[in-house]
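Construct all of the structure, not just a fragment, from the sequences and the given hints.
Protein chains: 2
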Amino acid sequence: MFDSANLDHRIGKPEYQREERKLREALLHTQYDLKENGTFPVLILIAGVEGAGKGETVNLLNGWMDPRHIHTHAFPRLSDKERERPLMWRYWRALPPKGSIGIFFGAWHTEPIVLRVQGVLSRRELGNYVGEIQRLEKMLSDEGVMLVKFWFHLSKDQQKKRLKALEKNPKTAWRVTDLEWKYFKRYDKFVDVCEPFLRETSTGEAPWIVVPGMDPRYRSLTVGRHLLTAMRARLDARRAKTVPPKGQPLLPPADDLNVLRALRLDQEMTRKQYESELDKWQGRLNLLTRDKRYKRLSVVAAFEGNDAAGKGGAIRRITGALDARLYQNVSVAAPTQEERDQPYLWRFWRHVPRRGHMTIFDRTWYGRVLVERVEKFCAESDWMRAYSEINDFEQQLADHNVVLVKFWLAIDKDEQYKRFKAREHVSFKRFKITAEDWRNRKKWNDYELAVAEMVDRTSTASAPWTLVEANNKYYARIKVLRTLAFAIEAGLRRIPA
Amino acid sequence: MFDSANLDHRIGKPEYQREERKLREALLHTQYDLKENGTFPVLILIAGVEGAGKGETVNLLNGWMDPRHIHTHAFPRLSDKERERPLMWRYWRALPPKGSIGIFFGAWHTEPIVLRVQGVLSRRELGNYVGEIQRLEKMLSDEGVMLVKFWFHLSKDQQKKRLKALEKNPKTAWRVTDLEWKYFKRYDKFVDVCEPFLRETSTGEAPWIVVPGMDPRYRSLTVGRHLLTAMRARLDARRAKTVPPKGQPLLPPADDLNVLRALRLDQEMTRKQYESELDKWQGRLNLLTRDKRYKRLSVVAAFEGNDAAGKGGAIRRITGALDARLYQNVSVAAPTQEERDQPYLWRFWRHVPRRGHMTIFDRTWYGRVLVERVEKFCAESDWMRAYSEINDFEQQLADHNVVLVKFWLAIDKDEQYKRFKAREHVSFKRFKITAEDWRNRKKWNDYELAVAEMVDRTSTASAPWTLVEANNKYYARIKVLRTLAFAIEAGLRRIPA
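Each protein sequence line maps, in turn, to chains A and B. Just so you know, we're using my numbering here: the first sequence kicks off at 4 and counts up by one. Just so you know, we're using my numbering here: the second sequence kicks off at 4 and counts up by one.
Just so you know, the hints here were simulated from the structure itself, not pulled from any lab data. Quick caveat, the model's predicted, so the values are computed rather than measured. A virtual CB, placed ideally from N, CA and C, is assigned to each residue, including glycine. Some hints here could point you the wrong way.
Computed list of lysine-lysine pairs in BS3-like fashion (alpha-carbon distance at most 27 Å, straight line) [as the list claims (entries may be wrong)]: (1) K192/A with K164/A; (2) K141/A with K379/B; (3) K141/A with K476/B.
Here chain A is said to cover these stretches of chain B; the calculated rule only asks that three of the stretch's residues, wherever they fall, bring their Cβ under 8 Å from a Cβ of chain A [stated by the list, open to error]: (4) 195 to 202; (5) 381 to 391.
Below is the structure:
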């Protein structure tokens, strides 16, 4: 990977000045083209060895282009609010929206590499990170993000010369401490770790570009030209219609049976039973959130279900038991423009709760494989790949001690009809029933298939679906409360007191 | 993953008979359509729990369709010649060619799952297998193979009922031994391993289809319909032109320097020196191949280089030192029709040597990123992804104790001109020079860039490129012999005596 970069590449000053002028002009022009016509964001990763010109390049790119439309992020030590979320949260928050350029000075690869060089991670553990990074970057590419990955390199010899030169010059001698020389001693180990890493995370859509870092002029032209060529190619290709690759069609079961039809939707519970159960479970839930260990986990409750199945009512029975400062209600409707300018899961990542907090989603990221699938709002290949993207997302929550409960509230068609009609007749409920609800109802069977498929493909040991028989609202609410309480209890047990 | 499959799906006999007739007709018709018009192969994976109808389904598919165009492979214990090659070799050999259907009864997932259930593999180790399988299946999809993956499932209850029923019937009681009940005890563990495995290896292009295995009629219709729908969709889509996704353009260095230009191509060696060195290194090489430990490794020597750089001459100096029974010379030219009908790397996999043997490739799998790239024989996205596919391939060789040496024989343009002219003037060498050689020469710079890029992206610790300065043939041949001998010595040292 570093064979070429180990050579002493150089550009003379006159050539540089000539080329730089042309390059800046073209980059600025292309940046505005991206801003006005670009249907994708550009994300530049800046990585590599110490002293190879990473910081200078970040400044240069901001100087060459219009910095108002460049989002530059460095990722120093984790802040409190970052430590309390899954590792990827900070990167999701920093993603550039469509039409703009983001620069990540260090990114998801930084920590695993450093930990591996220090010997904290085994080769196998690094291998698992590589898999995660491959999936993350594939997802970003599939979602339209243009990833441009620069790796700045110095050969061992160049590194040594650079440190010596800095030491010699009284103005820069302070920059070379024992620490710098200690890093230098690790040079070989560092390269041994990085080389295979770069190879394994280089793909056709997002290859690593290794930049020889010694000569600033060479380095700058290399970065500028790569960025320009990549952006130009993508912008010019935008009119070429790409047919998304077809996934394999998924078929309904050969009989009429599925996980929803296997449910007994009518369950017994009288109002009196309900009231005593409600007291009991709300009390228990409240106590759980006051447990000392609760401050060391987070909770996500995700609600999906048929229209009029009682999601709102069930959610209110949860929040009724909680301290209002410790939960957030997120009602998911059509995405905002800001959300549309980001990869699909962005708008859910932003609401991932910090420690000791709960987020309750009224409709969720499963919209992709439910409404967007059935109404054909996205291409088949988009929702087909969403299953594994969602599983990855939820795995990251689980790995970070986030308790995730997912409810599907199920009613039958007759019950829905009754509830729709009742809503139309009660003035203060009329806002809850629209023409769209009646339209959706006509696609009952399509939705049912999508739900069964969703449960099959996304019910995991760490994030199982709970199917809630909801023809009887009392029964449904208590099942929701009980399931949530049990899940939190299990989560607390996993935390040492 | 198994939520739906745990239900008691059933199809009645009259319905089955009606549906089966239609299905068979359509399948047979589609199989012939594939044979006559299909530009892709279909590969069906049959996997899942014991007793869920895997074998019956394989027979059924062969009965429903024309078995002459179905390649069915089971993969029992490794044979000698399989054990002596990397694990994936047996699967590569069995791949169906374009236009035909292959059935793998068990495949690359079988062993890792079994070893994990037995506790031989850790969760992390299984994770690494998952990564390998993901990359393999992505490569197959990218190469046009249509993967249809069926997982046959029985719930624990169904499994138990089935064993009891077999035991009860005197005709089948013999099929249930202590071993069967021992497997049954591992049911939960098995499902715990398989569920996440299936999820992680399900992709949009190649999702696992979970088939409830209890009711033979239900199971058969499910498999048949899925297969039919998937094949039909792909065949019908064949006229929709898919624009391959663009990779990021790779740029040449900003200066004139690259790994080839950094070489000093003129090296000193007189004929006399050469003859004594040749004796020495050929002798050493011969001795190495007689080492006891040599029987426990394999050797692959890969030759690339400029036209007329002396590949053939160097190869002859190697083979001159070897027992003719222990090596194979593979000269790579345009692919045969049989080879064109397979994924790109197939024609190299087939020549991977067994233990104690050496394969010498005169031109190699790097054609994809050299001639095919420069002459635009394949799409940009194809050669861009080839770097990582090649790295995966070579990693598998390395993991299996295959010593791999890769030579690029480099001469400069003047030297090539001299050699071309000389060939034209010597009658017995005239066959070695064609109009194509002169045409290639015009693209000297394009090839040079492609070579530099190739070295950067595929020189690895376990399979480094050796650049051979070859203006002086004597020097080049000795460097080749010496490098090969050193590599074999290093390989032997890794083997306990």
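Agreement of K192/A and K164/A with the hint, judged by alpha carbon distance not exceeding 27 Å = Given that 27 Å is the threshold and the Cα spacing comes to 19 Å, the pair holds.
Coverage claim, chain A over the region 381 to 391 of chain B, checked by counting residues with Cβ within 8 Å (three needed) = Our answer is that it holds, as 5 residues pass the Cβ test (under 8 Å) against chain A, meeting three.
Compare the distance between the alpha carbons of K141/A and K379/B with 27 Å, and conclude whether the hinted pair is satisfied.
-> Measuring from Cα to Cα gives roughly 26 Å; hence the hint holds.
Does the region 195 to 202 of chain B contain three or more residues whose Cβ lies closer than 8 Å to a Cβ of chain A?
-> As far as the region 195 to 202 of chain B goes, the hint holds, because 4 residues have Cβ atoms under 8 Å from chain A.
Are K141/A and K476/B close enough, with their CA atoms no more than 27 Å apart?
-> violated, 46 Å
When held up to the earlier numbered hints, the structure conflicts with hint 3 and nothing else.
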